[in-house]
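Position chains G, V, L, A, U and E against the provided structure of chain W, taking the given hints into account.
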Amino acid sequence: MSLKFKPLFDKVLVERVEADDKTAGGLIIPDTAKEKPMQGKVIVVGNGNRNEKGETIPMTVKAGDTVLFGKWAGNEVKIEGKDYLVVKESDIIGIFE
Amino acid sequence: MSLKFKPLFDKVLVERVEADDKTAGGLIIPDTAKEKPMQGKVIVVGNGNRNEKGETIPMTVKAGDTVLFGKWAGNEVKIEGKDYLVVKESDIIGIFE
Amino acid sequence: MSLKFKPLFDKVLVERVEADDKTAGGLIIPDTAKEKPMQGKVIVVGNGNRNEKGETIPMTVKAGDTVLFGKWAGNEVKIEGKDYLVVKESDIIGIFE
Amino acid sequence: MSLKFKPLFDKVLVERVEADDKTAGGLIIPDTAKEKPMQGKVIVVGNGNRNEKGETIPMTVKAGDTVLFGKWAGNEVKIEGKDYLVVKESDIIGIFE
Amino acid sequence: MSLKFKPLFDKVLVERVEADDKTAGGLIIPDTAKEKPMQGKVIVVGNGNRNEKGETIPMTVKAGDTVLFGKWAGNEVKIEGKDYLVVKESDIIGIFE
Amino acid sequence: MSLKFKPLFDKVLVERVEADDKTAGGLIIPDTAKEKPMQGKVIVVGNGNRNEKGETIPMTVKAGDTVLFGKWAGNEVKIEGKDYLVVKESDIIGIFE
Amino acid sequence: MSLKFKPLFDKVLVERVEADDKTAGGLIIPDTAKEKPMQGKVIVVGNGNRNEKGETIPMTVKAGDTVLFGKWAGNEVKIEGKDYLVVKESDIIGIFE
Chain W
1 MSLKFKPLFD KVLVERVEAD DKTAGGLIIP DTAKEKPMQG KVIVVGNGNR NEKGETIPMT
61 VKAGDTVLFG KWAGNEVKIE GKDYLVVKES DIIGIFE
Chain G
1 MSLKFKPLFD KVLVERVEAD DKTAGGLIIP DTAKEKPMQG KVIVVGNGNR NEKGETIPMT
61 VKAGDTVLFG KWAGNEVKIE GKDYLVVKES DIIGIFE
Chain V
1 MSLKFKPLFD KVLVERVEAD DKTAGGLIIP DTAKEKPMQG KVIVVGNGNR NEKGETIPMT
61 VKAGDTVLFG KWAGNEVKIE GKDYLVVKES DIIGIFE
Chain L
1 MSLKFKPLFD KVLVERVEAD DKTAGGLIIP DTAKEKPMQG KVIVVGNGNR NEKGETIPMT
61 VKAGDTVLFG KWAGNEVKIE GKDYLVVKES DIIGIFE
Chain A
1 MSLKFKPLFD KVLVERVEAD DKTAGGLIIP DTAKEKPMQG KVIVVGNGNR NEKGETIPMT
61 VKAGDTVLFG KWAGNEVKIE GKDYLVVKES DIIGIFE
Chain U
1 MSLKFKPLFD KVLVERVEAD DKTAGGLIIP DTAKEKPMQG KVIVVGNGNR NEKGETIPMT
61 VKAGDTVLFG KWAGNEVKIE GKDYLVVKES DIIGIFE
Chain E
1 MSLKFKPLFD KVLVERVEAD DKTAGGLIIP DTAKEKPMQG KVIVVGNGNR NEKGETIPMT
61 VKAGDTVLFG KWAGNEVKIE GKDYLVVKES DIIGIFE
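Chains as they are written, first to last, in the numbering used here: chain W, 1 to 97; chain G, 1 to 97; chain V, 1 to 97; chain L, 1 to 97; chain A, 1 to 97; chain U, 1 to 97; chain E, 1 to 97.
Keep in mind that the hints were calculated from the coordinates and are not lab data. Even glycine gets a Cβ: it sits at the ideal position worked out from N, Cα and C. Heads up, some of the hints might be wrong.
For each label pair, taking beta carbons as the anchor points, the in silico distance ranges come out as [to be verified]:
# : chain 1 : residue 1 : chain 2 : residue 2 : range
1 : V       : P58       : A       : N51       : 15 to 25 Å
2 : E       : E97       : L       : E55       : 40 to 50 Å
3 : W       : E52       : U       : K82       : 18 to 28 Å
4 : V       : K41       : W       : K62       : 44 to 54 Å
5 : E       : K62       : G       : A63       : 52 to 62 Å
6 : V       : R16       : G       : K41       : 22 to 32 Å
Isolated chain W, as found in the complex (with noise of 0.2 Å):
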């Protein structure tokens, strides 16, 4: 899939996925524990924050990622009719390798 935005800086663009409760390995988030992080596929990812020096500091995470992150992190935008989140690197708790 290639789409047309890109985020700022240490942003990343990043699409929830719905967490399987059957699936051996991967995260799940039972219904009853609403505040759990949730789990997403990274879509595209900015260039990097910059330092005082005006050097970019490369991303850690990459686009096709798996990552999980706070529930309540990010912004949610909507692009060619498809909801997306938009979050920060260090919003981001880890990578499922």
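The following block gives chains G, V, L, A, U and E in isolation, referenced to the frame of chain W:
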């Protein structure tokens, strides 16, 4: 269009774009989603923030970019009878390419 | 006009300008938009902030500039019987050219 | 055990250890002391935070360490049907040796 | 006048000046404008703040300067039976020349 | 005594000392002064905080020191059936020599 | 006097001095001015704060100095049956010479 206004430092003058619900490519803001980010067109940008040494950090967004920013970001201004927003570059979520 | 007052560091002495609703070029502040930024003329500026090394970061705005600043920015002062505002350069949104 | 999850930056995936009240060596959390820190086993750690230059600061805790952390630190996650905590290294009080 | 008191770091000992409503040059504080900044005369200044390296950043204001400062800035002190204010240099708005 | 616990970074494991009201030298905490700092004996210290470059800043307090710290500083922990406090070095007021 | 207590970093052990209303030179604290700063004598000082590199920034106040500090600054301690205050050097307003 040539405007007689230059934002200071990392500020960006933006003209709000009413999202078209029917366009395939581009951000759609449904009427029921009042808190969602908004789309705008960059009219003119500042020269960038200065670091501790007084050096200017160049801007990433430029005039002509279509950008996404938080609904409550920035200050409303009226120049030559038209409404604009002045937002900080760090409040811009991403750029539509 | 020559004023006997010199702001410290990054502070700027500004004379408020009543926006003219009928002028084509220039900021217009409608009476109903009470929270909108205000226009002013820079009378005198400080020498700039100092960084960690004690070096002075030069100012970007200068005496004579017409600037836009937040309605609640700065401190009101009265010098030689006239009202002014002292605002920090970082509270100035942009310059009319 | 090999987990398919890698925490980002200075985050640490921890498996909570139920303290054994009868063990001579090791932390004991009496039932009446609800706010006391908790013991856990480190499963996997991030690569460390990056400084202003983009350099990575190595982690001090490592997989296999038994650590003490604040009761309210971190985020609960469920991976492959099991509960874990993700805590920042700076929220870890100390290591049992 | 010679005072036996030396402010520390960037602090400034100031003697409040009652503004004269009839003076042409100088700040006027009308009775009705209770929150307006106040005028004072600098009696003695500290040696300046120290940066991260322990170096002293020299002061900009000096003894004898007539300064403008926020009404609620500083601490009131009484030395040799007389009232003064100790304000930080960064709380001084500007200098009358 | 040898404890199997090592605090992280600038944290210090302290054993509270009940102040003896009748001792001539040493801190006395009257029963009526509930908020006064408390005395303790340092059992084991971390290796120190790391700066931006990843370098470790050595600790000033060491095992065996009798220290004074704020009554509400630190976290209570129980190790091998005994109560301790973990406090940051920066929360320690001073050392009894 | 020799005290067996050494403050850490930039902390200063101070003995409060009851201001004498009749003394010509020196600070006077009228009974009605409850919030005014207080005078004290420095008994012993820490070695100074450490910067990012671990270097110690030397103290400006020294044992024997008569200092002025905010009424609510510091922690009360009792050593060898006597009341003292521990204040940070940055909370000291100035030195009487």
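Outcome of the hint check:
1. Checked against the hint of 15 to 25 Å, the C-beta distance between V/P58 and A/N51 comes to roughly 20 Å, which is consistent with it.
2. At roughly 47 Å, the beta carbons of E/E97 and L/E55 sit within the given window of 40 to 50 Å.
3. Evaluation of the 18 to 28 Å hint for W/E52 and U/K82 yields a failure: the beta carbon distance comes to about 47 Å.
4. One distance hint, 44 to 54 Å for the beta-carbon pair V/K41 and W/K62, holds here, with the actual separation near 51 Å.
5. The hint said 52 to 62 Å for the Cβ distance between E/K62 and G/A63, and at roughly 59 Å that hint holds.
6. In this structure the supplied range 22 to 32 Å holds for V/R16 paired with G/K41, their Cβ-Cβ distance being about 31 Å.
Hint 3 alone, counting from the list given before, is not met by this structure.
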